[in-house]
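> Use the sequences and the hints to build the structure in full.
Chains as they are written, first to last, in my numbering: chain A, 1 to 464; chain B, 1001 to 1464; chain C, 2001 to 2464.
I should point out that these hints are in silico values taken from the structure, not numbers from a laboratory.
On a predicted model such as this, the values are computed, not experimentally measured, just so you know.
A virtual CB, placed ideally from N, CA and C, is assigned to each residue, including glycine.
Possibly wrong hints are sitting among the right ones.
[To be verified] Only some residues are given here: those of chain B computed to face chain A with a beta carbon under 10 angstroms:
hint, residue
1, 1022
2, 1024
3, 1026
4, 1076
5, 1078
6, 1098
7, 1112
8, 1228
9, 1231
For reference, the chains in residue letters:
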Amino acid sequence: MTDRLTMAESTNMRLRLPLLCIILEVILIILFGALVEYNDDTHAKLWNANKSHSATRDDYENEFYYRYPSFQDVHVMIFVGFGFLMTFLQRYGFSSVGFNFLIAAFSLQWATLMQGFFHGMHHGKIHVGVTSMINADFCTGSVLISFGAVLGKTSPVQLLVMAIFEVTLFAVNEFILLSMLGANDAGGSMTIHTFGAYFGLMVTRVLYRPNLDKSKHRNSSVYHSDLFAMIGTIYLWMFWPSFNSAITNYGDPQHRTALNTYYSLAACTLATFAFSALVNPEGKLDMVHIQNAALAGGVAVGTAGEMMLTPFGSMIVGFLAGTISVLGYKYLTPVLESKLKIQDTCGIHNLHGMPGVLGAVVGAVTSALASPGVYGDGVFADAETGKWNPQSRGGFQAISLAVTLGMALFGGLVTGFILKLPIYGAPPDTHCFEDGLYWEVPGEEEGHELNEVATPNEMEKLNS
Amino acid sequence: MTDRLTMAESTNMRLRLPLLCIILEVILIILFGALVEYNDDTHAKLWNANKSHSATRDDYENEFYYRYPSFQDVHVMIFVGFGFLMTFLQRYGFSSVGFNFLIAAFSLQWATLMQGFFHGMHHGKIHVGVTSMINADFCTGSVLISFGAVLGKTSPVQLLVMAIFEVTLFAVNEFILLSMLGANDAGGSMTIHTFGAYFGLMVTRVLYRPNLDKSKHRNSSVYHSDLFAMIGTIYLWMFWPSFNSAITNYGDPQHRTALNTYYSLAACTLATFAFSALVNPEGKLDMVHIQNAALAGGVAVGTAGEMMLTPFGSMIVGFLAGTISVLGYKYLTPVLESKLKIQDTCGIHNLHGMPGVLGAVVGAVTSALASPGVYGDGVFADAETGKWNPQSRGGFQAISLAVTLGMALFGGLVTGFILKLPIYGAPPDTHCFEDGLYWEVPGEEEGHELNEVATPNEMEKLNS
Amino acid sequence: MTDRLTMAESTNMRLRLPLLCIILEVILIILFGALVEYNDDTHAKLWNANKSHSATRDDYENEFYYRYPSFQDVHVMIFVGFGFLMTFLQRYGFSSVGFNFLIAAFSLQWATLMQGFFHGMHHGKIHVGVTSMINADFCTGSVLISFGAVLGKTSPVQLLVMAIFEVTLFAVNEFILLSMLGANDAGGSMTIHTFGAYFGLMVTRVLYRPNLDKSKHRNSSVYHSDLFAMIGTIYLWMFWPSFNSAITNYGDPQHRTALNTYYSLAACTLATFAFSALVNPEGKLDMVHIQNAALAGGVAVGTAGEMMLTPFGSMIVGFLAGTISVLGYKYLTPVLESKLKIQDTCGIHNLHGMPGVLGAVVGAVTSALASPGVYGDGVFADAETGKWNPQSRGGFQAISLAVTLGMALFGGLVTGFILKLPIYGAPPDTHCFEDGLYWEVPGEEEGHELNEVATPNEMEKLNS
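Below is the structure:
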């Protein structure tokens, strides 16, 4: 009994992590072998066959050329953006980038299967191409948002288990919203940000650690770790226009979404700097705000970005998003922790939660105000069929938000309890936010002073 | 009176920065609401309408697909390239990346209005799309060049005020060059680099600080800050072909410009390493040269890059640019400071000033030597009309350089005096190059040694 | 005699490096002037002329739009990916990024000439465009792989001399494989990775230093240098789909290659984490594995990625590649050093050598199993002519691997002996892995504590 308890409490990953990774990958490979096929645009024979059927289907019409540059931008956001954004902790850089890398690499494979399963099998097969790659990365983004809430307090095994459940529920929720309710959410204000945020917040609530302040001294940044985090921030900020536009329809919607997001983010940045200085007694800017709140403008136009929101509307939304995000970091996060026992390491409620809900509301309102005189056809699929009713559209968008919140909170609750089992090697309260538990960490720098390396005499001789 | 003086000299940003940011953003939003519209390629109805009018206008002809990948590369240069290039200072990384972020987010909005206003209103409206996004980023680049001259010696409020004036004058100068003089300057050797450099140099001249050596010990790099700066350098270097080609005509000019810039930069890099070692008594390479001079080759083909400069010509220009840039850092910058009282923190005269002028001259000569036998039509708009006169073209290019220098020096002079008013919270001479004035700076790293985190005994127990 | 010996042993670069750089660049410029021309897609007149001949040749058919986004991704891999991957050493960051920059800038120019010379002159001229840019970057990648083996033990002059020979032999080997043997190797498992790895391993074998342990204390990482290295890793990982697909045929092959590489890398990452924890006695992850082995999946589908490998097949290959790579780092590298005297600083045998050979074998098998029923036409050029014989194809692929290994080992041997001449200023055994020999290295950080910058009293006054 003692032995078993010791093992359960141990953080040793020697068997747990390899076993889980290998089992998962083997399952993935088997399922891919059974279920996944190239789609028409990636299959050697089908693409060629389709070409000969139609004189107008040229190479440049392959979806690759419409979507691949956007895919790569999204890819950078997932692996560099999220990964480095979380390196702000002084002793958790290896885990931030490394675990981000691991769970993203797993999630994108699992998401391909789950999304393919729900979003339409073709004769029992899942078809893949650049659009499925983008969607898989999107789903992965949702898991990484949740990772931000539990950052520093979980083992890699826990994170993989969380990803298994979250990806599955993400695909179900996405199916309900996009296929059943016919909602628009190209940039994922609801499906990605709201879902990922409230899922993660519920998980961290269930995993509440009353004695987390034993690791408090490591739950902060140092000078260079904040600069590494800014790499993540800036890449997320720059490529957000590609994120929101990556899977919109070709032509004007893709173009317009990128434009709207660009203006929303710019306005959001000015709001962030303004309120960061304003809420500080000495008027000093806070890196936490700049690193996070400046991105809220991208989240908040995730639904309406493809609509005729106009640059004017985008800037108002962005400005609001930046404002509530800074205020959330300053005033709401401490309350969530002290009153609701929600320990949100990265403040995902401020970056993804509230701005995601704002984005959903903006999307519902913009849909409800849409008219054929402004849109022609294009964004709203039912416009062409004449069954278009903007008010009911707005209603479906609003219902979608409610469904997302319900799915996220319920899913996070269940997943949280599963993650609470003492079998995953989670860090003890005294050793949170610490790479040393799961990584070989190098010693300190030696020979930093030049004359340790070579005496001036030696140096002179070498360079003579 | 004493109170007022104290306030004026204080560096507290609590009211000044939020007030300015919020007022500026509100003005921007109002002007965008009144003046800005989607263009034909971003508007849902107009794009669709245009499609039905013409059978050949397909989705892949949307300007988005020609320009958006280039836009994203330019965007990376503006936010990561310029931002990280300036992190070389040991204690100014937050401000370098952060203020770069702030003034860029403001400038791109303001530039959209100013450039739209000067470059042709459509029935009283400014039309936006990916090309206006690139142009706004270009104008922003000019402001960031000037930022390099005053880096470490200005408050964020001062920088925003500088941006207001510089963007406005940039748009005027660009209008004179491109619309009135019909000059070619796709990569902005004149409009961006020469203008930004001499504007910034004049501003820093007016803001001359005789006692700046009180902060001298902070006006240098440390090991890791130089590596952060190399992130900026390498991104600028890699994406410069996209920068110079982003707004050229479609097809061969865009392709050729990228190619010419690629070769110019490669040759420039070899020159930079050669002269960096040559001018050092011990033959050691200097990070300042590598970080900056290796980029001069991109600046110097900003005008002629779209022309039939040939790889051969590009490499000669790049080699020259790298050479003068290193020599400038070594021999000219100290003289500019001691004799002309120009304190140029980043050495923008060597990276943007002289190479920009070189680029303008190369552009004028290449234009003057152009012939229809080489070009057909394409680069030179008047070639088709038969009014083509290469010599007069070369002349207009030369006049453009003179106009740019005049506008930049005059604008920098006026702006410098405005920035000298003691109301912006500029840092005192003793506290330049220091993040701590405007940022919450984290303390030093704790628990870096593993056995502080856990005694070997504890560790063993955890991992057993 | 003594004087000459002293000079030969000196590491002073003052004359050697500038002289070599300038001579090389002058030769390059002359050869470019004599031999290099714009191709049809970059030439102002030819592009226009071709357009008027054919009604269907529109701007969007310029190869620029098919390949330039991929080119930029490859470019990032070469300069940021390789450059930062090698910054893991505690005191060699300047040299890692800086020498990577120098030899890449040289190699891409020299490669343009060598590849142009071998791959078909047009009336005595080499034609350049985006495809030649990608190919030149590919060849450069091979040199940078070899750089990884000798990292920390060579002077920049030695590296440039190595690049001269390696680029030349690369072009010969590539010509034999692609033009004479008709092999497929779009992502360069053989031409780039296998060649670069075994070339570099042979060079480092010849340059064996029995007393290298005198610099052992510097041949390791520190905390922040490992994070810089992760920037390189993640960029290589993200953009590898672009690398493998950059020069495949348009349409489905380009699309399919990116897709296969994406899945291979994802599976490889899970294998890497699994085996990294498994081979460590305490179950801790090792940054060396994560930084390197996770990339082996990209190497191993470099040949077969464009074929109908299927995601299923790609994932199996990726999983195997990650596994052998980690095991290689753990068990093979120490043996190679102790038994075979191969000092492989970055472990290129594990990242490029073995996975490259695996990729070649996978490519041969996939070719041998190909059938027209699966492919139609497209990937295999001879399929259309009816002369298609999969078995002989597989055979030619296998012969190509053997040729590559022979060329690499022989070329590395000869080049190694050339680099052994005591005239290049190589570092002494006591000063390997040390930036200070070739760079001006800044002193330590001053004023890191806030109260050195300003006493609390002063600060308060400033902010009042």
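> Could you run down the list of hints and mark each one as holding or not?
Results for each hint:
Annotation: interface hint on residue 1022 of chain B holds; nearest CB of chain A at approximately 5 angstroms, less than 10 angstroms. For residue 1024 of chain B, the suggested interface contact is upheld, since its CB lies about 7 angstroms from the closest CB of chain A, less than 10 angstroms. Interface restraint check for residue 1026 of chain B: the shortest CB-CB distance to chain A comes to about 8 angstroms, inside 10 angstroms, so the restraint holds. A cut of 10 angstroms between beta carbons decides the hint on residue 1076 of chain B: the least distance to chain A is about 6 angstroms, and the hint holds.
With 10 angstroms as the threshold, the beta carbon of residue 1078 of chain B comes within range of chain A, its nearest partner Cβ sitting at about 8 angstroms, so the hint holds. Nearest Cβ of chain A to the Cβ of residue 1098 of chain B: about 6 angstroms, under the 10 angstroms cut. The hint holds. Taking 10 angstroms as the C-beta cut-off, the interface hint given for residue 1112 of chain B holds, the closest approach to chain A being about 8 angstroms. With its C-beta approaching chain A no nearer than about 6 angstroms, residue 1228 of chain B sits inside the 10 angstroms limit, and its interface hint holds.
For residue 1231 of chain B, the interface hint holds, the least distance from its beta-carbon to any beta-carbon of chain A being 7 angstroms, beneath 10 angstroms.
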